[in-house]
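Protein chains in written order, with our numbering: chain A, 1 to 314; chain B, 315 to 628; chain C, 629 to 942; chain D, 943 to 1256; chain E, 1257 to 1570; chain F, 1571 to 1884.
No lab work stands behind these hints: they were computed from the structure. Model, not experiment: these values are computed from the prediction. Keep in mind that the hints are not guaranteed to be accurate.
[To be verified] Derived Cβ-Cβ restraints for the label pairs, each shown as a range:
#1 E1511(E) <-> I351(B): 23 to 33 Å
#2 V1862(F) <-> I351(B): 24 to 34 Å
#3 L707(C) <-> Q23(A): 13 to 23 Å
#4 E1511(E) <-> R1032(D): 46 to 56 Å
For every residue, glycine included, the Cβ atom is placed at its ideal position computed from N, Cα and C.
Protein chains: 6
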Amino acid sequence: MKYIKDYKEGDRVFDIYLCKHMQSAVTKNGKPYINVILQDKTGTIDAKVWEPNNAGIEDFDTLDYIEVYGEVNNFQGALQVNVKRIRVCREGEYDPADYLPVSKKNNDEMYKELLGIIGTIKNPYIKQLLNAFFAEDEAFIKKFRKSSAAKTMHHGFVGGLLEHTLSVTKLCDYLCGCYPLLKRDLLLAAAMCHDIGKVKEISLFPENDYTDDGQLLGHIIMGCEMIGEKVAKIPGFPPVLASELKHCILAHHGEYEYGSPKKPALFEAVALNMADNTDAKMQMMTEIFDNVTDSNWLGFNRVFESNLRSTRME
Amino acid sequence: MKYIKDYKEGDRVFDIYLCKHMQSAVTKNGKPYINVILQDKTGTIDAKVWEPNNAGIEDFDTLDYIEVYGEVNNFQGALQVNVKRIRVCREGEYDPADYLPVSKKNNDEMYKELLGIIGTIKNPYIKQLLNAFFAEDEAFIKKFRKSSAAKTMHHGFVGGLLEHTLSVTKLCDYLCGCYPLLKRDLLLAAAMCHDIGKVKEISLFPENDYTDDGQLLGHIIMGCEMIGEKVAKIPGFPPVLASELKHCILAHHGEYEYGSPKKPALFEAVALNMADNTDAKMQMMTEIFDNVTDSNWLGFNRVFESNLRSTRME
Amino acid sequence: MKYIKDYKEGDRVFDIYLCKHMQSAVTKNGKPYINVILQDKTGTIDAKVWEPNNAGIEDFDTLDYIEVYGEVNNFQGALQVNVKRIRVCREGEYDPADYLPVSKKNNDEMYKELLGIIGTIKNPYIKQLLNAFFAEDEAFIKKFRKSSAAKTMHHGFVGGLLEHTLSVTKLCDYLCGCYPLLKRDLLLAAAMCHDIGKVKEISLFPENDYTDDGQLLGHIIMGCEMIGEKVAKIPGFPPVLASELKHCILAHHGEYEYGSPKKPALFEAVALNMADNTDAKMQMMTEIFDNVTDSNWLGFNRVFESNLRSTRME
Amino acid sequence: MKYIKDYKEGDRVFDIYLCKHMQSAVTKNGKPYINVILQDKTGTIDAKVWEPNNAGIEDFDTLDYIEVYGEVNNFQGALQVNVKRIRVCREGEYDPADYLPVSKKNNDEMYKELLGIIGTIKNPYIKQLLNAFFAEDEAFIKKFRKSSAAKTMHHGFVGGLLEHTLSVTKLCDYLCGCYPLLKRDLLLAAAMCHDIGKVKEISLFPENDYTDDGQLLGHIIMGCEMIGEKVAKIPGFPPVLASELKHCILAHHGEYEYGSPKKPALFEAVALNMADNTDAKMQMMTEIFDNVTDSNWLGFNRVFESNLRSTRME
Amino acid sequence: MKYIKDYKEGDRVFDIYLCKHMQSAVTKNGKPYINVILQDKTGTIDAKVWEPNNAGIEDFDTLDYIEVYGEVNNFQGALQVNVKRIRVCREGEYDPADYLPVSKKNNDEMYKELLGIIGTIKNPYIKQLLNAFFAEDEAFIKKFRKSSAAKTMHHGFVGGLLEHTLSVTKLCDYLCGCYPLLKRDLLLAAAMCHDIGKVKEISLFPENDYTDDGQLLGHIIMGCEMIGEKVAKIPGFPPVLASELKHCILAHHGEYEYGSPKKPALFEAVALNMADNTDAKMQMMTEIFDNVTDSNWLGFNRVFESNLRSTRME
Amino acid sequence: MKYIKDYKEGDRVFDIYLCKHMQSAVTKNGKPYINVILQDKTGTIDAKVWEPNNAGIEDFDTLDYIEVYGEVNNFQGALQVNVKRIRVCREGEYDPADYLPVSKKNNDEMYKELLGIIGTIKNPYIKQLLNAFFAEDEAFIKKFRKSSAAKTMHHGFVGGLLEHTLSVTKLCDYLCGCYPLLKRDLLLAAAMCHDIGKVKEISLFPENDYTDDGQLLGHIIMGCEMIGEKVAKIPGFPPVLASELKHCILAHHGEYEYGSPKKPALFEAVALNMADNTDAKMQMMTEIFDNVTDSNWLGFNRVFESNLRSTRME
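I would like the entire structure built from these sequences, with the hints used as guidance.
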């Protein structure tokens, strides 16, 4: 397969791509045409169908996988595909993993590592709860492993939720080694569950957008509800422990203005907030600088409220 | 019964009061004594037991109802009871209503009015849900009718939660008459349920303080959970409707910094926020000016961020 | 008359419209043409005069009422009028009400309702003052009834100021019924006068823009001045009452950052602030959802600081 | 007269002082006594009347001038007057200037300097307006020359308003020399009038407290009204000029949160805001360091949001 | 030389200009061309090189001084130069002063005035320090006299840093006359040095952009370092005086959010902050209104957070 | 030695303590006495010298080590020492470590661990710089190892600066393992140096208070200067690297309002800010809960802006 990032002017294209977006339009002269954005895991490219009524152009829609035949042109300095033929593909003809941004880390290994940490939990109720989510609830596990951690911002790729969860959990484990007053079982459970509501807040790829419930309720509240439902099925689960765990979830954004209805009131809630914030910021920086090869100033970044540049050490 | 607000210097006291607070202490000369705060529904007064080891002083504790024999003195301009004898009373010897701040409005009538409004709801699922809380759940109803709406701030008296709920509901009904795009069934349901979590957030009188779950989770989240639990028992309850109702509860404080994890995103959520805020402010003002008989400036008020005075119209 | 909202591609146009805006321009090839925006009460549409030097094109200007002859085309998916002839009309040839956004409510009825409420005021000085504005000052009444309540935001149509004033006044009257400590005469007077300065702040339609004094002084200060002038002509008007009324006007935005030089310090000032804010928000919501027929998310709204959608109840 | 700042332990006191405050009280043993604060222009001192029922103690009240006979004691390290006799004095027995904080600058000279600057104004309308206030309105002039510029903060002494006004006016004149686009006549008029509303906002000494109108309306609005009233009496006063002058008054605090209902929109309004703020801060600093003789850190200052110390230059 | 502000449609151009910016591009039809922005001290103008491969078009780059031969056209209402020939010029062929925005005040005179003020300083250490910068350090003096005081905002022209420094110093001198507790030597030294770090923060014209160190460290910190380095070379310089001077530099922005790591804690630091802010605001206003000939409202200005207009006085 | 935390009512005291504070006073009856606060590493206790003129009471002062003979009383529920004899001790009679709060961790081991990490640095210039501070500058090392990291807040004990520095450095090292784009040499150097300015900002124990330079300049700026001075002595130290390191120091508080003159602009600066903040919060929590044995709510904490309680897990 020819990846989009490798296109050059004059190339002939004949491959399957994800149609990220399509929209019919009319030229100044009143001629209909179609604007298309093609996507694979290496990026996106604009494409135009100038003869939408040609026999070679099948009916297609946004988020279809389409086989495209065409030519790469240069329009005002940017590459563009002039599409001559389009065929809609069926499942099986393509591997979705080729078309979506995906975590660089191995999904199976990350998942296994998470299960390994659950194995070290001593409190039987917490262990039971974590297994109920991460080892037994197949529907949840499937979504959890595929979800991104965000629509934009950071970890916005397949497996991103798992990668972020694991990273926060391990940082919390490190903190438990440094600050012995932290209750490891509670903190690690809170770390693993802190973003589980995102499987309901953000739809799966290729859509990866806020759901209706995501907009109305948000992942913090839905995650808290999900814990309430699982806890109700574990006989004898200590009620104060359940409230403490929910509190950590509710408070993990740390500030009211970031959507937490409670400020952290327990040591573990503070620790989770620090770990979540640290991994988020570190990952954002990683994504910003990942493809930067020079050390020019990148311009003002709204999240970090600063102009940024990569480090030179010269 | 002689009410505290009617005490005068030199009065002899011999009646039952609520012991709001007691604490043992030692004089500069090393003599033990007891500080007491006595309460009835008209106010509180300081009292001292200078001879705690006398035979007439029974063992008593904070929140006991105690029969007090003593004398009213003036100490540095404030009245104080010099207590000679104390006897702890049993339930039945006193009427708690005499000792607690109580809504001026009739509890039965307010409750009946609320049920009457439920009768006008047309959506069968919403009606079923409201009945499940306000007509069928005896344990909930008992607490809901006795709760205050706040520890301090406004409606901080027995029946306050019911009074506030009814007032907000009626204001919402008024708004439905003015702005026809509002969905009355949803808005009135949200109004009735917006503070139900307070029955778990604040303990009943005479304690009337934040519970552990109140601190960790808050009434917004617990109210949302309570709705989720009742909805789960109503077959066919439309899921989007449930989310919309929960959203109104979550967003009713209007701002993140007031503990709402979501800003209002539906017309009804905005209306509920306006009505709740209006009744809260109007009631606070009513409580501030209720016993003010002159029109002097009262000094800076931190909630209203202003010096306040009652209106003169001269 | 053919309304703009009913235009379809290919229609022939021959009717009078308000010229909301006109600007001469030059094509890439150096040919002069004229960009025009036509308006009637149902909306606006772009128009082009490609041959501005033709005999059929009279000299015209922004805010003229013009008779237009032309054809409706589709340009890049949007409708556009290709104008062949233009004639400037004189007063009398058209009814301005057809060309401006107008309150859906009957202006005469609203005005009568307002006068009716003045009839219920008991304080003779306040009654005299309100009559001086709303019953006797013809120049004021004419402007007050035609003004919008805002350039954008809410009630931005002919009669909007009257509609908003009446709505706030009635909500205040409702509150007086709920909270007996409110002084009805003062609160209703403040409600009726709270935005009278807008007749000087915003010019009448079709311009409907900030005046020079509006920019320099604002409606809050000018409204306060207007009250001062009328009060000076009422013998014996109690000076404290005058200051209390002015205070309600000054404080009605509730917060310094919204342009109020004083925070509400009287119960009535707080009530007015609540009622004004409630009607403003409710009306904004009404205008947002008025023409929305689906329940898709509308995108982030800067006033409500939230994504919004209409309620589904499914 | 013996000034309070010169009192020493053991001194006998027999002189007239202002009674800044008096309040009856009762000792722990139930004996009545009176707490008094005596004031002269050099400071204040606590005093006690231990035998209030003695024949030598006349009835007196807060803000009376009283002849005091007594003895200076040291109580817990602070001086205190033990008062034996009190006689209430009549006007004429004392010179109020001895009892009030007074500007160090000569009131007549400052006033003359202000009139001199009015003499340099060229615009006839502005000159007429300034004369109407500062040369012709005797009642205004009397208050203006005696007022303080604030209850606390800065220039809180007799003549403080005149001193502040003159200082701001001269700084504005300096700025006119530096930035030629400034309109000197408008800016100087605005500077002279910017705080005239304070003669209504703060009562005269010895009370020097906010008036009712001061609380309800504030000096910014009342100053603007006062200008409006004088302008109305000057035939042909240009209306835009009047609005521009009022705008400068309204905007002189520079920020909404400081009570300005408008942000500066004219060059002169910005200049006035800068000059007012600069003189206020410089005078506060002068008052803070005026009696400081060492260069220790003075502790956190809430206005300057910093710990402060006087400069050492070593 | 023909200045850009005097260009008219149809003019023939044949003169030397600064090439502010150049970028190669391709037309829709794939033809290469070059976008150019030409600059002289009166403004900038767009230019196009439609035949970049012509013999008459020498290789040139951004910030070259180029001799341009071409014609002034009108494109969509804006003037544009159609360039036929370009020749790159050598130093000496042009006077850079013709191409850069330059202070209207005479650089030599301003510099002399600054030296004159240094002559009035009495403290020998401060005098030595100021001479070390402004009289002896040739490299520094050269940059200091040519620098702008900002990239945008105010004083953004050759000589702007000197003009701003002198203006602040003189305003501080004026304040010393009004508030005698100010230490003149310290305040004037702080005024002269407050922005010296800008010679390292912003590169010289024609680039006039933030340097790498400017971004990483900022002029406040670098200015403080520069003082530390010079002080280290003056034997016996009092260490507290050095810290007080550095403090004034660190605190001169007045607020943490404007990049000052310390709030003003000394009287002189407060005075410098006031003077710097006043000159900045006054100069911004001067630059805004300098070329405005009418008194229309200019639209919302983000620095002054207000719509602005020039004063009419009518 | 008898530690203060072990005192009981009725104990006889005869040991050496640090006099944290002393102040002469006078009883209501005019009798002189002395208030004293005694301190050892386990806490502080109030003491009174009722007969300051007795022969057994030597002249002593704040921060003297004094041998105290007296008796432990209970005054209003709190213990208090009634002091009969005081003798001022000479160095050598006592071990200061017994009187000051001290890190629980071994100072030598922490220091050795820090040197060990320096040994792993690969960049020769950074290694040289770190050795210049932590291995070679004896005066610096002595202070650095004894300093606290704060006057209050967290790590406010002997060795606190070393403990905090080591903890932040190790957390940064952990982050380098997780996020490979981080430059380990730069980040670890920044971590080790981020608070070195505190050796100048806060005086050593027992005083442990802000110095004059600490108030005027602060540890961020002084730390940056200290780096500049050492760098100047290392031939060939890359200038950009020096600026990047200084930037990390300047930006490590993360926000302007916390005194950082720059927001983090490099990945390492962001990481340092996260690590510093995390260790600070975790240590504050550790100090809050260290001596808490129950799980009651502790009341509102101003740093965490929340009521806090220790975790129960029941």
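A quick look at each hint next to the structure:
In this structure the hint that E1511(E) and I351(B) lie 23 to 33 Å apart at CB is violated, the actual value being about 46 Å. At roughly 27 Å, the beta-carbon separation of V1862(F) and I351(B) lies within the given 24 to 34 Å, and the hint holds. A C-beta distance of roughly 18 Å is found between L707(C) and Q23(A), which places it inside the suggested range of 13 to 23 Å. Range check, E1511(E) to R1032(D): about 53 Å between beta-carbon atoms, so the 46 to 56 Å window is met.
Violated hint: 1 only; the structure is consistent with all others.
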